[in-house]
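Trainee: Chains as they are written, first to last, in our numbering: chain G, 64 to 263; chain W, 64 to 263.
Worth flagging that the hints you see were computed from the coordinates, not collected in a lab. Among the clues, some could well be false.
The list makes no distinction among identical chains, and a pair is therefore deemed to hold if it is satisfied within one copy or across any two copies.
To be verified - Pairs of lysine-lysine residues, derived as BS3-like cross-links and limited to a Cα-Cα distance of at most 25 Å, are as follows:
1. Lys-183 <-> Lys-163
2. Lys-191 <-> Lys-102
3. Lys-240 <-> Lys-257
4. Lys-109 <-> Lys-163
Here the structure is a predicted model, which is why all the values come from computation and not from measurement.
There are 2 protein chains.
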Amino acid sequence: MKLYDYLPSGNGYKVRLLLSWLGEDYDFVALNIHAGDTKTPDFLAKNPAGQIPLLELDDGRVLAESNAIMFYLALGSDYLPTDAFAQGEVLRWMFFEQYKHEPSIAVARFIHNYAYEDRKRELPALMKKGKAALDVMEGHLNNYDFFVGDKLSIADIALYAYTHVGEEGKFDLKSYKAIRAWLNRVKKHPNYIKITDIPK
Amino acid sequence: MKLYDYLPSGNGYKVRLLLSWLGEDYDFVALNIHAGDTKTPDFLAKNPAGQIPLLELDDGRVLAESNAIMFYLALGSDYLPTDAFAQGEVLRWMFFEQYKHEPSIAVARFIHNYAYEDRKRELPALMKKGKAALDVMEGHLNNYDFFVGDKLSIADIALYAYTHVGEEGKFDLKSYKAIRAWLNRVKKHPNYIKITDIPK
Chain G
64 MKLYDYLPSG NGYKVRLLLS WLGEDYDFVA LNIHAGDTKT PDFLAKNPAG
114 QIPLLELDDG RVLAESNAIM FYLALGSDYL PTDAFAQGEV LRWMFFEQYK
164 HEPSIAVARF IHNYAYEDRK RELPALMKKG KAALDVMEGH LNNYDFFVGD
214 KLSIADIALY AYTHVGEEGK FDLKSYKAIR AWLNRVKKHP NYIKITDIPK
Chain W
64 MKLYDYLPSG NGYKVRLLLS WLGEDYDFVA LNIHAGDTKT PDFLAKNPAG
114 QIPLLELDDG RVLAESNAIM FYLALGSDYL PTDAFAQGEV LRWMFFEQYK
164 HEPSIAVARF IHNYAYEDRK RELPALMKKG KAALDVMEGH LNNYDFFVGD
214 KLSIADIALY AYTHVGEEGK FDLKSYKAIR AWLNRVKKHP NYIKITDIPK
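Given the sequences, and given the hints that come with them, work out the whole structure.
Mentor: Written out as structure tokens, the structure is:
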């Protein structure tokens, strides 16, 4: 299979990290989102939402949305529980991530990393929303080691991806003790890779 | 089971519509989101994200996030395919809905319906983002009757909920012929209920 991706993307990194944990082989197709690579007619025919990551199977079928791709890849593995309610809880955290966490924490990082001066006025609202998301995570992690079933799952990967680079968006994680301890637990996986590691 | 909800909420309506299709009995607990009912210590202990809908099972376990609740309730039913890739596609559309569709189309409706004057300057950006989401849907529905596997699924409910009241957010659906035909197909389900129907 092929993964269309952009190395600094936390959404892409989710899929790369899971594929590494699963020990799966795939082709990494690097696109430059700043150069319009995801807005070409060819790419839009694959994903009309014009976004990476995009998974392409060997038979040509494609799947978009990082958390949907993770769910598909993790089915039947250790990283997705089989119990119906536990699957619901995994999805609960992944929808929380895409609605409350990514749109604030990832967007603040994007504005800082690429110095979008005209978007800096968005930052106060993004900081407020992002801190509220981190507070919800901290509250959960004060009582549990992981997000679902007290073991690693794709819910942890979904929330790890942009939290672990939160400081690039000027989110100070110092006061989030439980989050910092959890970040370290996720990193301990023997197949851990960094967001900057180019897949072979 | 109990559903904590707010009748005008499209996110809540998703769960109510699915429960009606499934013929499931439940208690409807009406909360007033404008009066702070979702920010009380009691409610935040159930859902720290402070949002409806929230499903509470008879054993006291709770599940948040409309699309996660739908996935849990639909497992094993006609409204969620059993094939792994098809489940991935259902989730792809549900994540698209929560990332691109709801934050524009539902938010514009909210600003108009509750006359949040100080938020009206958000509307031009919301209209642009919402139209882009509708364009993606229209493109898909030009080729298919439903979002996944050419039959009704929770992906259709997820996208139906705020699209069918899009005009309350001043989205003109006249030029979206395929979307309008699909809205009518969804409405034809024998257990269809309206967003304004108070569950018994």
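Trainee: State whether the alpha carbon distance between Lys-240 and Lys-257 is at most 25 Å within one copy, between copies, both, or neither.
Mentor: within (22 Å within a copy, 46 Å between copies)
Trainee: At most 25 Å between alpha carbons: which applies to Lys-191 and Lys-102, within, between, both or neither?
Mentor: between (31 Å within a copy, 17 Å between copies)
Trainee: Check Lys-109 against Lys-163 for me: Cα-Cα at most 25 Å, and say if that holds within a copy, between copies, both or neither.
Mentor: between (27 Å within a copy, 17 Å between copies)
Trainee: Within a copy, between copies, both or neither: which one fits Lys-183 and Lys-163 at a CA-CA cutoff of 25 Å?
Mentor: both (19 Å within a copy, 21 Å between copies)
This entry satisfies every hint, going by the numbered hints stated previously.
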